[in-house]
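K.L.:
Please model the entire structure based on the sequences and the hints provided.
There are 2 protein chains.
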Amino acid sequence: MIMNGKELSLKIKENLKKEVEKLDPKPSLVVIQVGEDPASSIYVNSKAKLAREIGYEFEHAKFDENVSEEELIQKIEYINSSDSINGVIVQLPIPKHLDANKIINKINPTKDIDGLTELNAGKLLTSKASLVSCTPKGIITLLKEYNVPFEGKHVVIVGRSNLVGKPLIGLCLNENATVTVCHSKTKDLAKVTKKADILIVAVGKAKLITADYVRKGAVVVDVGINRVDGKLYGDVDFESVSKKAKLITPVPGGVGPMTTISLMENVLVSYNEMKKRR
Amino acid sequence: MIMNGKELSLKIKENLKKEVEKLDPKPSLVVIQVGEDPASSIYVNSKAKLAREIGYEFEHAKFDENVSEEELIQKIEYINSSDSINGVIVQLPIPKHLDANKIINKINPTKDIDGLTELNAGKLLTSKASLVSCTPKGIITLLKEYNVPFEGKHVVIVGRSNLVGKPLIGLCLNENATVTVCHSKTKDLAKVTKKADILIVAVGKAKLITADYVRKGAVVVDVGINRVDGKLYGDVDFESVSKKAKLITPVPGGVGPMTTISLMENVLVSYNEMKKRR
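Keeping their order, the protein sequence lines are chains W and V. According to this note's numbering, the first sequence is numbered sequentially starting from 1. According to this note's numbering, the second sequence is numbered sequentially starting from 1001.
Think of the hints as simulated: they come from the structure by calculation, not from any bench. By construction, the Cβ of each residue, glycine as well, lies at the ideal position given by its N, Cα and C atoms. Do not rely on the hints blindly, as some may be mistaken.
What the hints assert, rightly or not - Stretches of chain V that chain W covers, calculated by requiring three or more beta carbons in the stretch to come under 8 Å of a beta carbon on chain W: (1) 1114–1121; (2) 1157–1167; (3) 1182–1193.
P.N.:
Below, the structure written as structure tokens:
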């Protein structure tokens, strides 16, 4: 009944470790962080820990929050040209004086382990991308682990962000699902979400999706992580929805660990493709 | 009741003519054709005629059907580097020994007036593309001419091709519509299409969509052009559906002329952007 992302991510981690043991030089990634946002620091540190446990080289490139666009782009161009770095991500959000879209698109798409460049978004939609955005990739991996069928099923995605909702469209179409995308302007959301065989929610509103929004027997994936009075809640009201859903992800322990482990998988994808090109 | 694409395309053509009169040098495009497919020849000739009437320079680059990938790519690279050519398209389909996806992605995205490169597909989905795939662009232009509202409306797209269905997703999300994509694997298609406020059909099956597939008062856009016993039919059964729809496009005279005129608009977009960069 519960799709345990934590457990699956640990299994994938062990497999990655075994593969990386055989490799020399080791795969290597850089995470660029700008400023001192405490949530970002927590995320970066947990990526660093996981990367090192797997056996990757990890560089935490930390910049002052007043860094210029030029300086960041110089760093990215250095990374792009380096033979020993396989992947890079820019930890979001970054300060408002920086154009995040412009900066991300300076990343060489072959090192774009977050799958956020326009080229990789386009590849994913129109054909196949080797580097797929981590949260969507993690969701598909988790659903497949639990043998959830896609073909001919109706996937309803709530949320249309470049990080989650939009890349999910291409992934689910590639799996031959019928796909609906809802968002803040959707009228009568519950009426649409109730059609879902698979409901994926990524909007950032605690407990938005109650049992009234879900068809009995649906598969429900909760991407939200909302902190309310010091406690973590998903976008789905787990208590009521878990009684109606066939399968559901918890928060925490569902999509979150799948996102981070998918990033680690992408490092290896990028490493292997760099090797092939040599 | 009928959305007249022919009429609107003529209006746009007159506006383009007036703009082009003032320009020196004239905007210029190249259409690459491989082989002698008669339908392709008809399409290329009608593009040539329209382009010249508007005042564009037009080159019909015709290659033998046995042309090598290298030779085609050389031509594209020449066009990419030319200061006097603003746009290029490869007339599809091309013979099977050629990798269409690879060839199209050799086009410099700033000259990709068909909007088919992966980079432009990604831009359209994740932010904004200046060069948008012609059929989807023409459809949006036509619907706006008839004051069809998008925000909060449910758009159902039948067909997931890179030319029509997929770019429509990004365009309709940018217009704040709720979007559903159906295709050959969709179960109980009529049940899904009946939810549509705006139904767009692009599958290439004559009269697939009958009145049973359409909600009363819906707006119906028919992208199909199917030749059966020498006669042209859309994907929509016009006779029965037109009685139920609030607005509908005819075949021919609906989406077809909007596609070609949108290509001509893209030439001017590309021309103006090249000028700005100089």
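K.L.:
Would you mind marking each hint as holding or not holding in the structure?
P.N.:
Now the hints, each set against the structure:
Coverage of the region 1114–1121 of chain V by chain W holds. Counting CB-CB distances below 8 Å, 5 residues qualify, and the rule asks for three or more. Residues of the region 1157–1167 of chain V with a Cβ under 8 Å from some Cβ of chain W number 3, which satisfies the need for three, so the listed coverage holds. Proximity of the region 1182–1193 of chain V to chain W, defined as three or more residues with a beta carbon under 8 Å from a beta carbon of that chain, is established by the 6 residues found.
Hint compliance for this structure: no hint is broken.
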